[in-house]
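S.K.: Residues per chain are reported as follows:
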Amino acid sequence: MDQRALTLKGTPEGLVLHPLIGSWEEVLSALERSLNEAGSFFQGGRVILELQGQSLGEEDLQLLRALLEQHELELWAVLGGDEAVQHLARMYGIRTRLPASTPQPSTKPLGNALLSAKTLRSGQSLYFPEHITLVGDINPGAEVTAGGNIVVWGRVQGVVHAGAMGDTTAVICALDLNPSQLRIATLIARAPEEKKRRPIKPEMAMIRDGVIVAEPWTPRG
Amino acid sequence: MAGKIITVTSGKGGVGKTTTTANLSLAMALLGKRVICIDADIGLRNLDVMLGLENRIVYDIVNVIEGRCALQKALVRDKRFSELLLLPAAQTRDKGDITEDDMNRIAHQAAELADYVFIDSPAGIEHGFRYATKPADLVLIVTYPEVTAVRDADRVIGLLEASDHTPAKLIINRIKPELVRRNEMLDADAIVDLLAIDLIGIVPEDSMILAAANRGQPAVLDPHSAAGQVFLEIARRLNGEDVPFSPLKEPSILQRLFGSLK
Numbered sequence: 002m003d004q005r006a007l008t009l010k011g012t013p014e015g016l017v018l019h020p021l022i023g024s025w026e027e028v029l030s031a032l033e034r035s036l037n038e039a040g041s042f043f044q045g046g047r048v049i050l051e052l053q054g055q056s057l058g059e060e061d062l063q064l065l066r067a068l069l070e071q072h073e074l075e076l077w078a079v080l081g082g083d084e085a086v087q088h089l090a091r092m093y094g095i096r097t098r099l100p101a102s103t104p105q106p107s108t109k110p111l112g113n114a115l116l117s118a119k120t121l122r123s124g125q126s127l128y129f130p131e132h133i134t135l136v137g138d139i140n141p142g143a144e145v146t147a148g149g150n151i152v153v154w155g156r157v158q159g160v161v162h163a164g165a166m167g168d169t170t171a172v173i174c175a176l177d178l179n180p181s182q183l184r185i186a187t188l189i190a191r192a193p194e195e196k197k198r199r200p201i202k203p204e205m206a207m208i209r210d211g212v213i214v215a216e217p218w219t220p221r222g
Numbered sequence: 055m056a057g058k059i060i061t062v063t064s065g066k067g068g069v070g071k072t073t074t075t076a077n078l079s080l081a082m083a084l085l086g087k088r089v090i091c092i093d094a095d096i097g098l099r100n101l102d103v104m105l106g107l108e109n110r111i112v113y114d115i116v117n118v119i120e121g122r123c124a125l126q127k128a129l130v131r132d133k134r135f136s137e138l139l140l141l142p143a144a145q146t147r148d149k150g151d152i153t154e155d156d157m158n159r160i161a162h163q164a165a166e167l168a169d170y171v172f173i174d175s176p177a178g179i180e181h182g183f184r185y186a187t188k189p190a191d192l193v194l195i196v197t198y199p200e201v202t203a204v205r206d207a208d209r210v211i212g213l214l215e216a217s218d219h220t221p222a223k224l225i226i227n228r229i230k231p232e233l234v235r236r237n238e239m240l241d242a243d244a245i246v247d248l249l250a251i252d253l254i255g256i257v258p259e260d261s262m263i264l265a266a267a268n269r270g271q272p273a274v275l276d277p278h279s280a281a282g283q284v285f286l287e288i289a290r291r292l293n294g295e296d297v298p299f300s301p302l303k304e305p306s307i308l309q310r311l312f313g314s315l316k
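If you read the sequences in order, they're chains R and W.
Numbering of the first sequence is given in my numbering, commencing with residue 2 and proceeding in unit increments.
Numbering of the second sequence is given in my numbering, commencing with residue 55 and proceeding in unit increments.
Here chain R stands alone, though its shape is the one from the complex (with noise of 0.2 angstroms):
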C-alpha cells in the first residue's frame, strides 16, 4: 500500500487534505493510519480537502466524515473537485471556498506603554520613560510625564507633558482635554485665562508647524 496516497498539511485556515492518488479506499486507510498516529495532536481542528479534478461520491464523502468525526475533526472545507462535488458539499453545509483573508494591518510596536487605572488627584504624579495610558482623570495640580505619548480615557485638567525627552512628534490624547498646561517636548502651552464651560469633546494635541495645537476627535465616515 502506497504511504503517499495523501499530504496532510497545518495550515492557519485548518488541516488541509490533499488525496494523491486516485482511490478513495486507500486515501481513506492512509488518513486514518496518519491520524492514528497523530493521536489527539489534530483533535478539535478543522479539515480542508483540496481535490484536484478528482470526484467524489455522497458515499465516499460520508465515509470521510465519518472518519473525521471519529478523530474529532470537522470537515469544513471542499476546494476544487467538480461542479458534483462542490454541489454535494454544499448541501452538507461543507463550504466550498475560504472566506477572503483579511489582510492584517501591520502592527509595528511603537515601544512599552505604562497602564494605570487611576484617577491622579492634586500633589500625585506619574512618570514613565515611555508612552502612558491612563484610565481615569488628571485632576489640577497632578502632573503626568512621560517620554513618548499619553492617552487617558478620562479628564485631563492637571500638567501633562509628552515627549519629555524631546519627542516632538508626541501626541496627548484625552477624552476632555483640559489642562492647566499641556507640554510636548520642550514646547509649554497654557490654558486659556478666560475659564469657559465648554462640551466635553475627545482631542488630540500636537505640535505642528512649531506650535502645540488640539484637534477635535471626529468619528470617520
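Careful: at least some of the hints might be erroneous.
Claimed, not checked - Per label pair, the in silico range of CB-to-CB distance: (1) Leu176/R x Val297/W: 51 to 59 angstroms; (2) Trp154/R x Ala250/W: 57 to 65 angstroms; (3) Leu264/W x Trp154/R: 29 to 37 angstroms; (4) Pro193/R x Ser136/W: 44 to 52 angstroms; (5) Leu248/W x Leu176/R: 53 to 61 angstroms; (6) Met166/R x Leu248/W: 52 to 60 angstroms.
As the list claims (entries may be wrong) - Footprint (simulated), chain W over chain R, 3 or more residues, beta carbon under 8 angstroms: (7) 116-126; (8) 141-147; (9) 180-193.
What the hints assert, rightly or not - To give an idea of the chain W side of the interface with chain R (calculated C-beta under 10 angstroms), a few residues: (10) Arg99; (11) Asn109; (12) Asp148.
Note that these hints are calculated values from the structure, not bench results.
Yeah, the Cβ is synthetic: ideal placement off N, Cα and C, and Gly gets one too.
Here the structure of chain R is known, so what remains is to put chain W in place on it, guided by the hints.
M.R.: Here is chain W on its own, set in the frame of chain R:
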C-alpha cells in the same frame, strides 16, 4: 538694600493666611513696590491659584533648592503687575524636601530682588511653620475671632518669642461687626488684650473675598470690597505710613439683602 521679609502665619488652618498673603502682595504692588511672594506650603500650594497664576507655573521652589533652575527662572510674573513675582510651591513634593537653611537662603536671595518678600506659611507649628518663619524680619499672625483660632495664635506667638524674637503683628480676619455687637463674636479689643501684640489690621467679613479667590482676582483689586480696602491700609502701614484704623461699618439692611442676592 535688601527688601523686607514678611511671613504670614496663623497656627490654625483656614483663617486666611493665603488670602492675606495674596492681597498684601497685590496691595504692595499697587503701591508701586517690587514684591516677591513665596508659597511655602509645599504639597498644598494655593497662592498661585488665588493669584490666578496657576497655569503659568513651570518651575517651583523645590526645583530652585535642588539647583535645577535659577531663582529668577522659577519666578512667575503677575499678569497685572510686572513688579509682582510669585515663587510657587511644589505640589508633587512635601515639606520634608526643604530645610530651614534652604528657605532662609532662597528668601534672602529674593529679598535682593524686591522691596518686600511675603512668605505664605503652611498651617501648623511643625517643620513647615519653622522654615517659613525662619527668614522673616516680621511675622504677620492672622487670626479669626473664635476662641480656638486665638488660642492657636497665642501658641504661635509663644513659639516665635521662644526662638528668634522676630517681631510679630496681628491681623484679625473676618470680623462681623453685627455679631460682635450682639456679643456672639470676640471683639478685636479682647483679642488684642489676650495676645498682647501690635494690631496692624482688622479685616471685615466680605463675601467678595470668596468670589475673588475663585476668580484668581484678589479683592484688593476691587475698590468696592471692604476687606480689600483694609488690606490696602495694612500694606500702607507696613510701608511705614501712619494710617488710622477706619471704623468697621455694619452692613445696612439693604446691603445685607443685596449681598445675599449676589
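S.K.: Under a C-beta cut-off of less than 8 angstroms, do 3 or more residues of the stretch 141-147 of chain R approach chain W closely enough to confirm the stated coverage?
M.R.: holds (count 4)
S.K.: Has the hinted range 52 to 60 angstroms been met by the Cβ atoms of Met166/R and Leu248/W?
M.R.: holds, 58 angstroms
S.K.: Determine whether the Cβ-Cβ distance between Leu264/W and Trp154/R falls within the hinted range of 29 to 37 angstroms.
M.R.: holds, 34 angstroms
S.K.: Check the following: the C-beta atoms of Trp154/R and Ala250/W are separated by a distance inside 57 to 65 angstroms.
M.R.: Taking Cβ atoms as reference, Trp154/R and Ala250/W lie about 58 angstroms apart, which means the hint holds.
S.K.: Per the CB criterion, is Arg99/W less than 10 angstroms away from chain R?
M.R.: Holds, because the Cβ-Cβ distance from Arg99/W to chain R comes to roughly 8 angstroms (cut-off 10 angstroms).
S.K.: Can Asn109/W be said to touch chain R, with a Cβ gap under 10 angstroms?
M.R.: holds, 4 angstroms
S.K.: How about the stretch 180-193 of chain R: do at least three of its residues have a C-beta closer than 8 angstroms to a C-beta of chain W?
M.R.: holds (count 5)
S.K.: If I claimed the Cβ atoms of Leu248/W and Leu176/R lie 53 to 61 angstroms apart, would that claim hold in this structure?
M.R.: holds, 55 angstroms
S.K.: Does the CB of Asp148/W sit less than 10 angstroms away from some CB of chain R?
M.R.: holds, 8 angstroms
S.K.: Holds or violated: the stretch 116-126 of chain R covered by chain W, criterion of 3 or more residues with Cβ-Cβ distance under 8 angstroms?
M.R.: n = 4 at 8 angstroms, threshold three: holds.
S.K.: Taking 44 to 52 angstroms as the hint, is the beta-carbon distance of Pro193/R and Ser136/W inside that range?
M.R.: violated, 21 angstroms
S.K.: For Leu176/R and Val297/W, compare the CB-CB distance with the range 51 to 59 angstroms and indicate the outcome.
M.R.: The hinted range 51 to 59 angstroms holds for Leu176/R and Val297/W, with Cβ atoms some 53 angstroms apart.
Comparing the model with each earlier hint shows a violation of hint 4 alone; every other hint is respected.
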